[in-house]
Amino acid sequence: MADGGSGDISLVLCGQAGQGIQTVETLLSRMAARAGYHIFSTKEYMSRVRGGMNSTQIRLSVRPVTAPVARIDVLVALDPEAVSHLRGRLSTDTLVLMEPRDDNSGKGDSQGIAIEVPLSDMAKELGSKVYANVIAAGLLAGMVKLPSKVVADVVRSAFASKGDEIVQNNLKAVRQGMDLVGTWPKDRVPHVDLAVDPHVAEQILLRGAEAVGLGALAGGCTFVSSYPMSPSTAVLTFMAQHAREFGIVVEQAEDEIAAINMALGGWYAGARSMVTTSGGGFALMTEGLSLAGMIESPLVIHLAQRPGPATGLPTRTEQADLELALYAGHGEFPQIILAPGNLHEAFECTQQAFNLADRYQVPVFVLTDQYLMDTYYNVDRFDIEACKVESHTVTADADYRRYALTDNGVSPRAVPGKGPGLVVVDSDEHDEDGHITEDLDLRVRMVDKRLRKGQALQESIRPPTLIGPEDYRHLVVCWGSTRQIADEALVALGRKDTAILHLSQVHPLHPDIERYLGAAENVILLEGNATGQLGKQIHLSFGMEIERRLLKYNGLAFTVEEVADRVKAMMD
Amino acid sequence: MDAKTYDMGPIDIAWCPGCGNFSIRRILMDALAELEVDPAHLVLVSGIGQAAKLPHYQKGHVFNGLHGRALSPATAIQTTDPSLTVVAVSGDGDMYGEGGNHFIHTIRRNPDITNIVHDNMVYGLTKGQASPTSRRGFKTPVQVGGVILEPFNPLAVAIALDAGFVARGFAGHREHTKELIKQAIQYKGYALVDIFQPCVTFNKLNTAQWFKEHTYMLDESHDPTDRQAAFARAIETDPLPLGVFYVNRDKTPFHQNTGAYDTDERPLSDRQPEASGLRRLMDTFACAPQDA
Numbered sequence: 000m001a002d003g004g005s006g007d008i009s010l011v012l013c014g015q016a017g018q019g020i021q022t023v024e025t026l027l028s029r030m031a032a033r034a035g036y037h038i039f040s041t042k043e044y045m046s047r048v049r050g051g052m053n054s055t056q057i058r059l060s061v062r063p064v065t066a067p068v069a070r071i072d073v074l075v076a077l078d079p080e081a082v083s084h085l086r087g088r089l090s091t092d093t094l095v096l097m098e099p100r101d102d103n104s105g106k107g108d109s110q111g112i113a114i115e116v117p118l119s120d121m122a123k124e125l126g127s128k129v130y131a132n133v134i135a136a137g138l139l140a141g142m143v144k145l146p147s148k149v150v151a152d153v154v155r156s157a158f159a160s161k162g163d164e165i166v167q168n169n170l171k172a173v174r175q176g177m178d179l180v181g182t183w184p185k186d187r188v189p190h191v192d193l194a195v196d197p198h199v200a201e202q203i204l205l206r207g208a209e210a211v212g213l214g215a216l217a218g219g220c221t222f223v224s225s226y227p228m229s230p231s232t233a234v235l236t237f238m239a240q241h242a243r244e245f246g247i248v249v250e251q252a253e254d255e256i257a258a259i260n261m262a263l264g265g266w267y268a269g270a271r272s273m274v275t276t277s278g279g280g281f282a283l284m285t286e287g288l289s290l291a292g293m294i295e296s297p298l299v300i301h302l303a304q305r306p307g308p309a310t311g312l313p314t315r316t317e318q319a320d321l322e323l324a325l326y327a328g329h330g331e332f333p334q335i336i337l338a339p340g341n342l343h344e345a346f347e348c349t350q351q352a353f354n355l356a357d358r359y360q361v362p363v364f365v366l367t368d369q370y371l372m373d374t375y376y377n378v379d380r381f382d383i384e385a386c387k388v389e390s391h392t393v394t395a396d397a398d399y400r401r402y403a404l405t406d407n408g409v410s411p412r413a414v415p416g417k418g419p420g421l422v423v424v425d426s427d428e429h430d431e432d433g434h435i436t437e438d439l440d441l442r443v444r445m446v447d448k449r450l451r452k453g454q455a456l457q458e459s460i461r462p463p464t465l466i467g468p469e470d471y472r473h474l475v476v477c478w479g480s481t482r483q484i485a486d487e488a489l490v491a492l493g494r495k496d497t498a499i500l501h502l503s504q505v506h507p508l509h510p511d512i513e514r515y516l517g518a519a520e521n522v523i524l525l526e527g528n529a530t531g532q533l534g535k536q537i538h539l540s541f542g543m544e545i546e547r548r549l550l551k552y553n554g555l556a557f558t559v560e561e562v563a564d565r566v567k568a569m570m571d
Numbered sequence: 000m001d002a003k004t005y006d007m008g009p010i011d012i013a014w015c016p017g018c019g020n021f022s023i024r025r026i027l028m029d030a031l032a033e034l035e036v037d038p039a040h041l042v043l044v045s046g047i048g049q050a051a052k053l054p055h056y057q058k059g060h061v062f063n064g065l066h067g068r069a070l071s072p073a074t075a076i077q078t079t080d081p082s083l084t085v086v087a088v089s090g091d092g093d094m095y096g097e098g099g100n101h102f103i104h105t106i107r108r109n110p111d112i113t114n115i116v117h118d119n120m121v122y123g124l125t126k127g128q129a130s131p132t133s134r135r136g137f138k139t140p141v142q143v144g145g146v147i148l149e150p151f152n153p154l155a156v157a158i159a160l161d162a163g164f165v166a167r168g169f170a171g172h173r174e175h176t177k178e179l180i181k182q183a184i185q186y187k188g189y190a191l192v193d194i195f196q197p198c199v200t201f202n203k204l205n206t207a208q209w210f211k212e213h214t215y216m217l218d219e220s221h222d223p224t225d226r227q228a229a230f231a232r233a234i235e236t237d238p239l240p241l242g243v244f245y246v247n248r249d250k251t252p253f254h255q256n257t258g259a260y261d262t263d264e265r266p267l268s269d270r271q272p273e274a275s276g277l278r279r280l281m282d283t284f285a286c287a288p289q290d291a
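Top line first, the protein sequences correspond to chains A and B. Numbering (numbering that gives the first Met the number 0) for the first sequence: 0 to 571. Numbering (numbering that gives the first Met the number 0) for the second sequence: 0 to 291.
Same shape as in the complex, but just chain B:
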């Protein structure tokens, strides 16, 4: 399959020229093509923000919902029909700020979805305020004296919650990030891929050059099945590691854990209540039960 499979043709794209979103979109299409994911079986779920518009710019089913809420419908969509490939994609403000509670609990729930987060350490659509991942001291029209909050560390939080697959890439590293996304999609459970990207309009601090200078690649010396080692890497601040931090192969995804698929493989959409079951249940309320 070719990345062209996902091409929407000539469309109006609302991203700034040079935005990292373009490379992430290209990387995602390449990864999906190499995994031969049919657009008719792919659901892209997003919230609100510039990154959250990505589903409109490539072929697939789209659920572009509310700010911060992408993970909730994504969970339900995958649970309703586990044959679908579900990718929840949005920015750092959407996933970690407005959607922070869902981020935590979706990890605990472990649906078989891939969570791609465009992490540019700034708010784009609302024009340049701090995001949860903005570094301390970052000045904005609202954080006039510089950010005074500790940056949110999504990887450390995810590893602390034993997320099954935790990785970080950089939009400038096309091949490397593509491999991260492929592994994440193939992982059977919740998989987080946080992707650093420059915001050419609102973040003059964390530029493409800055990311190159302040990141390094995890190598073979890192064992991603070692959770403590993964956590130690996740709390490194400068330089910031890139790669697969953590993998737990012993987890089973949410839809399997619910029991709804134990003896029935059909998606929930194909299920109907059986009259005999309803009658049996009604019998349990009988004024004069049969055992009388």
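Same shape as in the complex, but just chain A:
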């Protein structure tokens, strides 16, 4: 049965796009967080506006939960198809809540306990079928025994802008949902005993896209130019919604080519600029990436991965664009690729991306994915005071030379109009003044200068994070959004001889990685792609071949059980 005494329940809502799963998710998450429970939610969805079959998992727990589990304790099937959509994850312990159907469709597929809930009829009695979602939220709130006052407060604030009548109807709806639980036979209701953690009240609840957006704002981003593309659009939307408040410009460009060239113009004139995109969109930006390399412009690229090639699976997740980011630009120039592993790192990496880009005058990637973008949980507030916008620009004197040859390759960067000197940048090979040249000796000096920045930025590489015992025998190596999943899987494994090495920077690789890998008897590579792209980089950098690979590329994120089981199988 649900909970099973673990103080942790997994609720899954499943139905067609347009059936309001998002509403239930938002309401229940806010209710649970306000009540003081730890909450995690993530979703998988089809690339369509209506119909299809989407699901959202919500975990409530007495302790922090930051990863998806395969287990489903309660399934709210908003559509009869839901049961077959999730069949592989249902067990005899799963409680399935579903609409009564004349033809009994769907019902027979559930292996466990099913309770019919006439959500639609109840909603119609309240005046509109739209109330079904709020009734469902009430139902789940009742099941996990959320305080009525918290439930009502959240409903009130969620619908306040729509007028008192709507608020009252929704309050009725949520109440009805909660009351319904009391009418069920006791033995069919899951036993849930979640204790409140007072610390949650001081925390924030947000998703990956918002953490990246907050990081960009804290990083001093003042210009965003992008073209919408799932799953990166949420960052563009976030920035647009806060543009006025922060006095920044957010522009939807006509295409990704314009977007990246605008961002370079922004940096040139002194605006910390960012593009947010996904694989296909980034593919269009690659000439602009190379331009950044040549004119030595800082640039921040948020690249939210989804499965390719080409259009691939537009709304799904994957970690298969590391090599794209690494090898996209023609010619040779240094760059930095960050890959945040959780919401804190999403904020921190994005914030730091702007300082790194400014300091070394290189493109900096923040490599995320659909899973991280769409995943919510409660975390400690981000430390705004610790964020410094470190500007590295200078005033151009009359004899200013944009590409002055320096020891570490970084030439002082000036902005037009901030001094008598002229700022000349050119996509052609250029002299120290920035003017076009075909002096081939100078060409060599300029290539060497640009590459020296790659040495200079070694001092700023984010070190890998070791999670678990230092005297490990088995080491699971992962990067990007899989960090928390691996973390919980390690807890589930309960072994004292196993640790995780997570990389939040995947280029250049930190030299310590070699030592960590060398100390393990058994190294297991965990990646959300088919070819082990990080593994290839590790081989290139340290000559170490990782033979045991745990790869996933069906478009879904790893689950805790999956990682635990597969890692266990690779331990002998």
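No lab work stands behind these hints: they were computed from the structure. You can take every hint at face value.
DSSO-like, lysine-lysine: derived pairs with alpha carbons at most 27 Å apart: (1) B:K250 with B:K187; (2) B:K187 with A:K417; (3) B:K3 with A:K417; (4) A:K148 with A:K123; (5) B:K250 with B:K181; (6) B:K177 with B:K211; (7) A:K495 with A:K567; (8) A:K417 with A:K387; (9) A:K417 with B:K181.
Chain B: place on chain A using the hints.
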């Protein structure tokens, strides 16, 4: 101010002797000098091509970017610091071919920039292929049977999109073209100046003499505030009109429309996030909001 202000001194110029680019450069320097634009507040943005090298041959800040992409950085530069005078200058292949999509959408966006297009109806740097403005029947090593595509009409497209300032000049008419450029720079919004020029090396059809014989000056009978009349003039093909086709004084430039300058005149480069604002935004994600 004197045109010498922009003089780079003895430099190696990659243009063919007799190229129309020389006169356009001279005209641009004269126009800037008469408007007293300080080179330290002038940004010349270009793409790739022979015309796109112009920014290297006169004093000013330079952003010589990618083929076809001049308008995108130009837009961002002007939006980041509206005190700068931003001129995007390139050839017809760069602006209308490779950069065609940006040409369309930059007009819609209406940044306060001047867009000068050297229009010689041929590709120079790649040695003589057709450009988007090449006339039908124009023979080249690639268009061996002559151009079979309809020529791109930048003025008609610009007027159709309600570009705020649309003009065409001829590199051989120094005074006239200078006045067009001055008006374009002074216009508060996107301003297009398409400039006919001969290519002495690759275009033996549209020569200086040809342009003289196949163009005429718009006179007082043309009302540039009349968009329909402007469009009618823009689709004339022979002779081709020169002058200010269209002006719309009712538009506001992009940087103003973004709202970023409503209450703050500082360029974006001088802005930093306020910790109080970030904290306020973070409060909106609070697990236990203050209204609870």
